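J.: Generate the whole structure from the sequences, applying the supplied hints.
The chain contents come next:
Protein chains: 2
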Amino acid sequence: MDGNGKETDLEIEAGAGAMIMANDYGRQQDREDNTSEPSSDHFVVVKESFLREPLLLKKNRMNNTSQLAIVGANVCPIESLDYEIIENDLFKQDWRARTKVEIFQYIVLKWALALLIGLSTGLVGFFNNLAVENIAGFKLLLTNSLMLKEKYYQAFAAYAGCNMILAVVAAILCAYIAPAAAGSGIPEVKAYLNGIDAHSILAPSTLFVKIFGSIFGVAAGFVVGKEGPMVHTGACIANLLGQGGSQKYRLTWKWLRFFKNDRDRRDLITCGAAAGVAAAFRAPVGGVLFALEEVASWWRSALLWRTFFTTAVVAVVLRSFMDLCRGGTCGLFGEGGLIMFDVNEANPAYSAPDLLAVVFLGVVGGIFGSLYNYLVDKVLRIYSIINERGPIFKILLVATISLLTSCCSFGLPWLSKCIPCPPNLGDQCPTVGRSGHNKSFQCPPNHYNDLASLFFNTNDDAIRNLFVAGTDKEFNLSTLVIFFIAIYFLGIITYGIAVPSGLFIPVILAGASYGRLAGTLLSPFTVLDVGLFSLLGAASFLGGTMRMTVSICVILLELTNNLLMLPLVMLVLLVSKTVADSFNKGVYDQIVKMKGLPYMEAHAEPYMRHLVASDVVSGPLITFYGIEKVGNIIHALKITGHHGFPVIDEPPVTAAPELFGLVLRSHLLVLLKRKNFTKQKAMTGSTIMRNFKARDFAKPGLGKGLKLEDLDISKEEMEMYVDLHPITNTSPYTVVETMSLAKAAVLFRELGLRHLLVVPKTQARPPIVGILTRHDFMPEHILGLYPHLDPHKQGKEQ
Amino acid sequence: MDGNGKETDLEIEAGAGAMIMANDYGRQQDREDNTSEPSSDHFVVVKESFLREPLLLKKNRMNNTSQLAIVGANVCPIESLDYEIIENDLFKQDWRARTKVEIFQYIVLKWALALLIGLSTGLVGFFNNLAVENIAGFKLLLTNSLMLKEKYYQAFAAYAGCNMILAVVAAILCAYIAPAAAGSGIPEVKAYLNGIDAHSILAPSTLFVKIFGSIFGVAAGFVVGKEGPMVHTGACIANLLGQGGSQKYRLTWKWLRFFKNDRDRRDLITCGAAAGVAAAFRAPVGGVLFALEEVASWWRSALLWRTFFTTAVVAVVLRSFMDLCRGGTCGLFGEGGLIMFDVNEANPAYSAPDLLAVVFLGVVGGIFGSLYNYLVDKVLRIYSIINERGPIFKILLVATISLLTSCCSFGLPWLSKCIPCPPNLGDQCPTVGRSGHNKSFQCPPNHYNDLASLFFNTNDDAIRNLFVAGTDKEFNLSTLVIFFIAIYFLGIITYGIAVPSGLFIPVILAGASYGRLAGTLLSPFTVLDVGLFSLLGAASFLGGTMRMTVSICVILLELTNNLLMLPLVMLVLLVSKTVADSFNKGVYDQIVKMKGLPYMEAHAEPYMRHLVASDVVSGPLITFYGIEKVGNIIHALKITGHHGFPVIDEPPVTAAPELFGLVLRSHLLVLLKRKNFTKQKAMTGSTIMRNFKARDFAKPGLGKGLKLEDLDISKEEMEMYVDLHPITNTSPYTVVETMSLAKAAVLFRELGLRHLLVVPKTQARPPIVGILTRHDFMPEHILGLYPHLDPHKQGKEQ
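If you read the sequences in order, they're chains A and B. Numbering follows the working numbering, in which position 164 of the first sequence is assigned residue number 164; successive positions increment by one, without gaps. Numbering follows the working numbering, in which position 448 of the second sequence is assigned residue number 1246; successive positions increment by one, without gaps.
Derived by calculation from the structure, the hints in this document are not laboratory data. Some clues are possibly wrong.
What follows is a list of derived Cβ distance ranges for each label pair [as the list claims (entries may be wrong)]:
#	chain 1	residue 1	chain 2	residue 2	range
1	A	L123	B	F925	49 to 55 Å
2	B	K1176	A	S351	52 to 58 Å
3	B	Y1172	A	M594	53 to 59 Å
4	A	G470	B	K1271	33 to 39 Å
5	A	P787	B	D1510	27 to 33 Å
6	A	G328	B	D1379	39 to 45 Å
7	A	S384	B	Q903	39 to 45 Å
8	A	I103	B	S1149	48 to 54 Å
9	A	E605	B	G1503	27 to 33 Å
10	B	S1321	A	G470	37 to 43 Å
11	B	K1176	A	V108	29 to 35 Å
12	A	Q680	B	E1578	48 to 54 Å
Below, a list of computed lysine-lysine pairs in the DSS-like style, where the Cα atoms sit at most 30 Å apart [as the list claims (entries may be wrong)]:
#	chain 1	residue 1	chain 2	residue 2
13	B	K898	A	K585
14	A	K585	B	K890
15	A	K593	B	K908
16	B	K1497	B	K1058
17	A	K707	A	K679
18	B	K898	A	K593
19	A	K585	B	K908
20	B	K1383	A	K110
21	B	K947	B	K1215
22	B	K1383	A	K100
23	A	K100	B	K1391
As the structure is a prediction and not an experimental result, all values here were calculated from the model. For glycine and all other residues, C-beta sits at the position ideal for the given N, C-alpha and C.
T.: Structure representation (structure tokens):
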């Protein structure tokens, strides 16, 4: 590197594509040239260890890095989160000045926010149920009354019409207001908690659409659940509360400055996700475990404790409101509003053949579950082509699926024969109200249609009917077969349309009907009740699609309130997950991957052990001096999309060139905005420390910070200098360039980093080799650089 | 550093205290002298940032480091575990050669071991219960029969005699065979999973004593539980199975070589700990959560899944054996053998005053809980003085406590008046068998002694009696007061004697009696049942002492099989934990600290932000060259107790001195043992790679590896050279010396390291500054160096 710092004139242009050869990049270029000797040395080492074509590789690599630079300059809707503590001088000053009162404020607020998240999510969960039960109940009562009058065509028109209107409203909300609200939302929340901030995924508009879209979608009779959307809703609520409400409407609050960083936001959103599950299933412990097992990527004991508090609040809120509604003051919202499938089985006795039957159930459930994932993936790919064509196409797709669902629900029950009511039920058969076991549908008095009891009901009620014990004869075998096939495929084709749609309920429905079917078929070999089989079938499908274990187990136990079937549920989950894992990934992981979100797995991939950190760093690396020319900074910010830049100190500031730290783009923008510039190179750190507070650099939400366009720098100012030392993180995590990539990946993932600095091994080199970001650890990137490491291709070659 | 490597003659002496100034240390000394300039520079930086007396500090620091070096040379019974993957050439060779069959073997074995751990722990858990129920049952029946004959003195003699014999046997086992088996064992397992391998904590002898000592201890009527010991037992079993049995008896197996590292051992032992809880409480989900929340320091999703499998196996084993025993073939072992407190409460209805009562219960429970911790700590300190005086004193202490316990159990019931049997109980009052609610004790026919029903029973039965619902009048207020006070203090003075003793049961007992007492007192204000109050009281005490939340909640739910009381249990746990946390730490953390185990907390202490990595590195640092003289290595191994040494390459091997990696003491010993030496400095890497396999360097259990004394190196060989490159970990984790100590601590803890290398910031310095180990992050060490940072002292000064 040239120590004299040959600062040439610099002209800032819009669309500076051609500028890449100018000052900064030129400096970088020099450095690369200077270091070509050690670099090739390094390649010799790599070659010795395993590479076959080092020269070709090097070429490939250079190409790729320049491509990356161009990609990086584009506006990217996905941004990585940074869980590292940015220890710059301002932070340290602020941290030292922090009083006991402020620490107390922070702790109080942390718990107050957890309380608020619990309260709000509980409220929304209750409201969601209340609305769904009332809308769907009204729809079913209307249709039922027409059916009783034998006006079948009008009944269908009313039924399908209601469904269509609700579906289209949900689709319009989704397509025009918040496209991010479509789907389950769990993959997005999972990705967020892994460190990926996708555009508007937790925005207030998304929250609004998620709540109302989910209500309309579920009420429209789609085979969708409200569980996934509730998780997303909980996360949105947490995000909104953590910001003190929407910034647009200026509700932010001074105390909340403590939470303006990615770490605290992560904690809040984890609480929110857990609260969502707790509200959806009325399962507080299950909610905590779900957040722990499926959603969160980082976890610590303190968080367990706070999440637990949040879900406890949710449970109390739900219970209080349900007590309020017990008097019948909530319209059609009855006891069954929130799912709680009371199987009421006594101690289930079982022996070896029963266990065999359960294992068999698990194996087949695992196969069906992984097939479900496979088909959902295919359908999503087709739908994404349709959905990309515009909002109108989205709405048309929703309308089509709604019509198809209505036809199935209304049409298929005609295939079933009317069954005479069993005498012991008395008045309960056929059911008069909107829910219940024995729907009369087209049947004469004192008869019921068993298929209608499943189809012509809300999803929750259908599950309840399937789970119930001691009713071996209630459903015909053919009924269960028809229902299972219909629901299995309806569930698959419904996920992916532009409506908030959870996967839990479709999977539980399909699994419960499969379980009941299997139980009926296996009844000669086992003494277990078909209702219990239905529950185990649901568990097997959940294990086969979502691949969770402990949390599903606890959620099912909390749903059914029977701990004694625990060993059986555990067994079936273990079997089905093991079977399904041998075919493909869990459905949420699959969706995360399909959406192209750069999810970091907890473990390093095996091929990473063949590489070292410097093999994958993407360039060109742009560095700043401790006291840098304003123009250089502006230029660098303009030509790249990078978010972190190493800061180098050179003589005369230090004896030799050395790495001072890492400065963030967002911090640079804040610093430049206030124009603390000097004509000469000078240490103005103390001035800056006086003029700024650490909170000025607090991280705003995605897309809300300062932008380069917000700066107004004159041509003279471009020639001035600014001292970057006070805002530079002096403790960035570093790895030596020869560090195994696998170990660097573990470091990156475990500490939740955004930038990992790669420093040189030998001393004769400039003090920084490059920066590793999330992107550099992605299989696509690594295997793009080193295609021969691809395990799939290797298999084919051999 | 002198590049010429002035190798002087070296004489190896026994007790080389004076040798510290010889070759290696001399080299180190040179380096320190050479680097004094940048070092003082560095101190200026520190001074600028916050230090008041840098000179004094520096002096202090030098003293301290030399002291440390001497301490390090002593034999230390505690060793840190290393969860880092040691990526040296041999590992890489082995890793690349790994076939698909081997990977499959590994996965199969992992699950097979989980299965075996589950089976064995389940078996041991059942055996434990069977033995306790039979021994204690026999003792109680014998005493009862004497009581019925009104031979009160003989009855007392029989009762106290049985207790004394059992207690002394347990104490002899503990004192002479395995002192590590005394106490709960949970703190030790927790420390192990944090990375601290204390002497013989998981040895086969410990396992043996833990199983039988726990049986005798519980049967001897001590106020101790079998839960902690079961956790320890599970961990011991897992360790033993992971080694393929005891090495002494040569049961080790080829396949198990995959598990000869600290990472896989950690996973197995986590499974074992979870299995222990599951076996003790018959609570499989609770077991997993307990392991997650309290015991494990590192966790990942894959482990959740395997732990869950293990506890499911435990549940199935226990259930099968209990089914076997249902016919009465297991002697006095009845249905109640394994704790399962069926409260059988229907939906508990509650309103605002009830919630207030529960909050009050939680507050007082939290205070009592933290007081319990405080008193246990004090008692443990007194007992450790007694216990240190020798095994005889240990046994005498056990005998004293046993006599005291017998006196209490037998004597206190005389304070209670006889209560006439309620007519509705019929034949059930007074109880004839060994367990039951209404013990007759000294009372006339058709009367019972309510205090005897609690005291004169096994602990499990006493808890069951307290938890039972709908029996408001069964116990007098005075009875509950006496029992609560007696059990509270007996529990405190019993923990710490030389007998395996769990803390769960004493705490649950005290909490349950407190809860019942509170429930009786609060009955005018609340409609909640006293049995439910008893359960909530137990929860409040558990929350107040152990500070777990989710796992206690789930364990209690699994024990009582009533999910509907979940919100109340959550509430009381939250309140009591919050209250207790404001007084002191959890009981297990307290014991870990008292035992001096260097436990690494998950978060960094605030004062660490004031320091940088180089402020705490302990020296003198001993480094090796890539090709090193055998004598130097032997000397270094002799004069220090360090387990890792940086390896430096110098010209002509490299252009400039550079850090090649880190070599471990254990690996050096293996290498030296085979004597692959050369007369001249030469790269003999390929020879070594041929002669060794990676498995030769697999980590044996603590204290089982090669020792320096096992080497037999002649005087000529001392002058020869050995190539350390193939066994050097080329990817050690590093931090720059100016890295904030807090961030270095997070890195160290999150990645589970044993050595963290500190590299210099400037290039004019030798390539390594020092090594951070667990010791360097301990508050004692840091605050010893920088006493003015001590938050307690600061408070006093101001």
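J.: Any hints this thing doesn't respect? Which numbers, in order?
T.: 5 and 8
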